[in-house]
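Protein chains: 2
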Amino acid sequence: MNLRIPGPTPLSPQAREALGQDVIGHREPEFEALLHGVTQDLRYFFQTTSDVLVVTASGTGGLEAAVVNVLSPGDKVLAISAGVFGERFAAIAGAHGASVLQVSFPWGQGLDVRVVEQALRGNPDARLLLTTHNETSTGVLHDLGAVAEVLVDLDATRPLWLVDAVSSLGAVELPMHEWGCDLVISASQKAWMAPPGLAFVGVSARAWDAMSQARCPRFYWDLSAAREYASRGQTPFTPAVSALFALQASLCLMRQEGLPAIVARHRALAERLRNGLRTLGLALFADEQHASPTVTAVCVPEGISAIEVKSKLARDHNVIVATGQGPLKDHVLRIAHMGRCSRSDIDHVLRALDSAFRA
Amino acid sequence: MNLRIPGPTPLSPQAREALGQDVIGHREPEFEALLHGVTQDLRYFFQTTSDVLVVTASGTGGLEAAVVNVLSPGDKVLAISAGVFGERFAAIAGAHGASVLQVSFPWGQGLDVRVVEQALRGNPDARLLLTTHNETSTGVLHDLGAVAEVLVDLDATRPLWLVDAVSSLGAVELPMHEWGCDLVISASQKAWMAPPGLAFVGVSARAWDAMSQARCPRFYWDLSAAREYASRGQTPFTPAVSALFALQASLCLMRQEGLPAIVARHRALAERLRNGLRTLGLALFADEQHASPTVTAVCVPEGISAIEVKSKLARDHNVIVATGQGPLKDHVLRIAHMGRCSRSDIDHVLRALDSAFRA
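Top to bottom, those sequences are chains A and B. Each residue of the first sequence is one higher than the one before, counting from 1 in my numbering. Each residue of the second sequence is one higher than the one before, counting from 360 in my numbering.
Mixed in with the good hints, there may be bad ones.
To be verified - Below 20 Å or equal to it, Euclidean Cα-Cα: the simulated DMTMM-like pairs (lysine to aspartate or glutamate) are:
(1) Lys688/B with Glu667/B
(2) Lys671/B with Asp704/B
(3) Lys312/A with Glu587/B
(4) Lys76/A with Asp125/A
(5) Lys312/A with Glu387/B
(6) Lys329/A with Asp287/A
(7) Lys688/B with Glu446/B
(8) Lys688/B with Asp125/A
(9) Lys329/A with Glu387/B
(10) Lys329/A with Glu391/B
(11) Lys671/B with Glu28/A
(12) Lys329/A with Asp345/A
(13) Lys329/A with Glu587/B
(14) Lys688/B with Asp704/B
(15) Lys688/B with Asp354/A
(16) Lys312/A with Glu271/A
(17) Lys329/A with Asp347/A
(18) Lys671/B with Glu30/A
Because the hints were derived from the structure by calculation, they are not lab data.
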């Protein structure tokens with residue numbers, strides 16, 4: 001099976017082997033070593049020396065954890081969105097009583113940093129800025145480096161910056177510390193070649209400072225408790241031990257490859273796929289300038305159903321891709337190239353698409 | 360390794376094999392079959408035809424999900440507690456703004472149903488009743504059948520009944536429907552022989568009715584969304600697919616054995632352990648009448664450190680047990696016999712304890 005949906009992504013063989021081990025106790029010294037090692041590796045990819053906490057939940061749980069630890073009901077929140085996941089981040093803040101000002105861009109486009117800057121300058125009372133790094137629903141990587149520059153200029157009035165990096169981190173550069181991100185969230189089943197069930201939350205010193213003031217209720221998501229336990233190699237609640245074994249194995253591979261090589265490989269695979277799709281005469285959904293290195297959305301020609309093409313690819317070619325989300329459901333196919341993916345996987349997808357569209 | 364902590368418990372060999380599979384897409388027909396099968400099996404053990412929802416989180420996440428879906432800030436909540444987990448359940452409700460009236464019993468004792476009845480009759484305005492079925496910190500199984508009878512009599516003024524069955528269900532009788540429980544929570548790493556990362560929440564019709572009125576904010580924990588997705592074999596957010604594979608494999612074994620045989624086996628193992636401990640001259644912590652079939656707390660003789668005995672058992676005998684929690688930390692050892700456990704596992708523990716205490 002060539003699993004090319006944007007998560008869960010294929011496990012590394014090492015992760016699969018690690019998964020088959022029996023569990024261990026999460027209050028034992030072995031677990032302490034496991035959590036410590038994983039955390040150190042995650043810090044390397046988050047490019048921070050601050051805390052990166054592991055929470056047993058999927059990515060959305062990680063986003064909610066980030067929000068409720070720094071939000072008080074009524075706080076003004078600026079949410080940048082250009083797709084399903086940008087809207088979800090805004091909805092999470094809204095569900096917890098934020099006064100959300102959504103700054104939206106057309107689906108398939110990257111954010112316009114001048115508009116973001118205007119929104120920031122026009123709302124100096126905004127407490128949080130929510131951004132999506134990689135918008136999985138459209139295949140767009142937003143230029144957060146440009147946002148970082150704007151935020152530096154704002155200085156004292158800058159809001160806390162929350163970054164949904166669920167489908168980017170581990171495959172794309174996101175220098176958390178250098179860019180001044182305050183809370184960065186990723187999840188095990190994306191670029192990390194591990195099974196779903198773990199969210200990672202990077203937390204800056206500024207974010208820790210803000211937490212004591214934040215009044216949203218929290219228990220399972222309490223990051224201060226997570227930090228306290230992490231300091232002695234534990235988690236407050238029973239963690240997904242098996243998923244951590246797998247993550248440890250995949251992180252070991254990723255450290256061997258190194259972040260620069262991983263980033264280059266993802267860019268090359270994405271380009272190979274996009275070139276192949278163009279050769280097939282298919283239109284790409286995302287603005288080329290902001291095309292994602294981890295997932296590509298391709299338009300299905302007028303009169304053809306994306307849902308049907310997806311089924312055909314699975315049935316006839318053992319290629320599993322995703323259809324669109326929301327209004328794009330039957331109009332685009334989304335093909336992931338994050339984590340474990342090779343050139344031959346991409347070529348297989350292209351041959352399968354060629355055959356499916358010919359039929 | 361003889362892993363005898365009260366979770367995570369040893370995986371079944373079938374679960375370990377299932378874990379090593381590659382992941383599948385959670386919007387694919389295969390996943391629909393997986394979730395449907397697991398849910399049907401869970402319903403058998405929950406003894407309900409109502410919904411049992413699977414949430415990617417550990418048990419505490421399941422408890423929080425149950426609470427926030429039926430609570431509004433300010434609601435009066437009766438919380439029955441006699442140990443760490445009873446207190447935790449109360450703390451979750453408190454964190455979300457409940458006005459918690461805690462009815463506490465001495466650690467090691469079962470609840471006194473007359474006191475619970477008094478509290479219920481004296482507080483007809485209580486919206487929720489929180490109970491722990493098996494108190495893992497003390498090794499006590501509370502008599503919830505007696506509570507069920509009291510609740511039947513209360514009729515119109517009865518609160519919604521939330522049951523923490525994290526360390527009981529799948530090993531002990533808890534006929535959710537017959538007893539009229541409204542929200543019942545369990546977790547994969549206990550009697551279910553699956554890795555941590557999945558919580559199960561059984562929901563009664565009364566609980567569904569209450570949810571539309573409950574004003575606690577929720578997003579990841581939203582059980583109505585979980586139900587809607589479950590109706591088409593999906594989850595709102597990426598589920599812990601690998602853990603579900605393992606759970607499916609263990610549930611298959613459990614269905615073959617059948618609930619009555621599983622319940623009898625746990626009772627017999629618990630008794631074998633308790634008899635052996637008595638023979639060693641050790642005192643049992645829990646009231647014999649309410650001793651848990653899944654975990655036994657044994658007192659460490661005066662002048663001996665439970666922490667040191669635990670280390671010795673691990674180092675010299677490859678037996679992993681837990682120390683006490685809270686004030687019991689250095690005074691009791693907790694030995695689990697839930698899920699995958701045989702008579703020879705119990706005998707091994709007894710031999711190891713004998714040797715450790717002789718030394």
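How the hints compare with the structure:
1. A hinted pair counts as satisfied when its Cα atoms are at most 20 Å apart, and Lys688/B with Glu667/B qualifies at roughly 11 Å.
2. In summary, the hint linking Lys671/B to Asp704/B is supported, as the alpha carbons are separated by about 17 Å, within the 20 Å threshold.
3. Of the pairs offered as hints, the one joining Lys312/A and Glu587/B is violated, with about 27 Å between alpha carbons and a cut-off of 20 Å exceeded.
4. Of the pairs offered as hints, the one joining Lys76/A and Asp125/A holds, with about 7 Å between alpha carbons and a cut-off of 20 Å not exceeded.
5. Proximity of Lys312/A to Glu387/B is assessed by CA-CA distance (about 13 Å); at most 20 Å being required, the pair is judged to hold.
6. Straight-line distance between C-alpha atoms of Lys329/A and Asp287/A comes to about 19 Å, which keeps the hinted pair within the 20 Å bound.
7. With a C-alpha separation of about 16 Å, the suggested pairing of Lys688/B with Glu446/B holds against the 20 Å cut-off.
8. As the CA atoms of Lys688/B and Asp125/A are separated by approximately 47 Å, the hinted pair breaks the 20 Å bound.
9. About 15 Å separates the Cα atoms of Lys329/A and Glu387/B, which keeps this hinted pair within 20 Å; it holds.
10. At roughly 19 Å between alpha-carbon atoms, Lys329/A and Glu391/B fall within 20 Å of each other, so this suggested pair holds.
11. Between Lys671/B and Glu28/A the alpha-carbon distance is near 13 Å, which keeps this suggested pair within the 20 Å criterion.
12. Simply put, Lys329/A and Asp345/A have alpha-carbon atoms about 24 Å apart, too far for the 20 Å limit, and the pair is violated.
13. Pair hint Lys329/A plus Glu587/B holds up; C-alpha atoms about 18 Å apart against a cutoff of 20 Å.
14. Taken as a hint, the Lys688/B and Asp704/B pair is broken in the structure, with Cα atoms around 24 Å apart against an allowance of 20 Å.
15. A C-alpha spacing of about 64 Å is found between Lys688/B and Asp354/A, which places the hinted pair above 20 Å, so the restraint is violated.
16. This hinted pair does not check out: Lys312/A and Glu271/A have alpha carbons roughly 24 Å apart, beyond 20 Å.
17. Of the pairs offered as hints, the one joining Lys329/A and Asp347/A is violated, with about 24 Å between alpha carbons and a cut-off of 20 Å exceeded.
18. A hinted pair counts as satisfied when its Cα atoms are at most 20 Å apart, and Lys671/B with Glu30/A qualifies at roughly 16 Å.
Hint violations for this structure: numbers 3, 8, 12, 14, 15, 16 and 17, all remaining hints satisfied.
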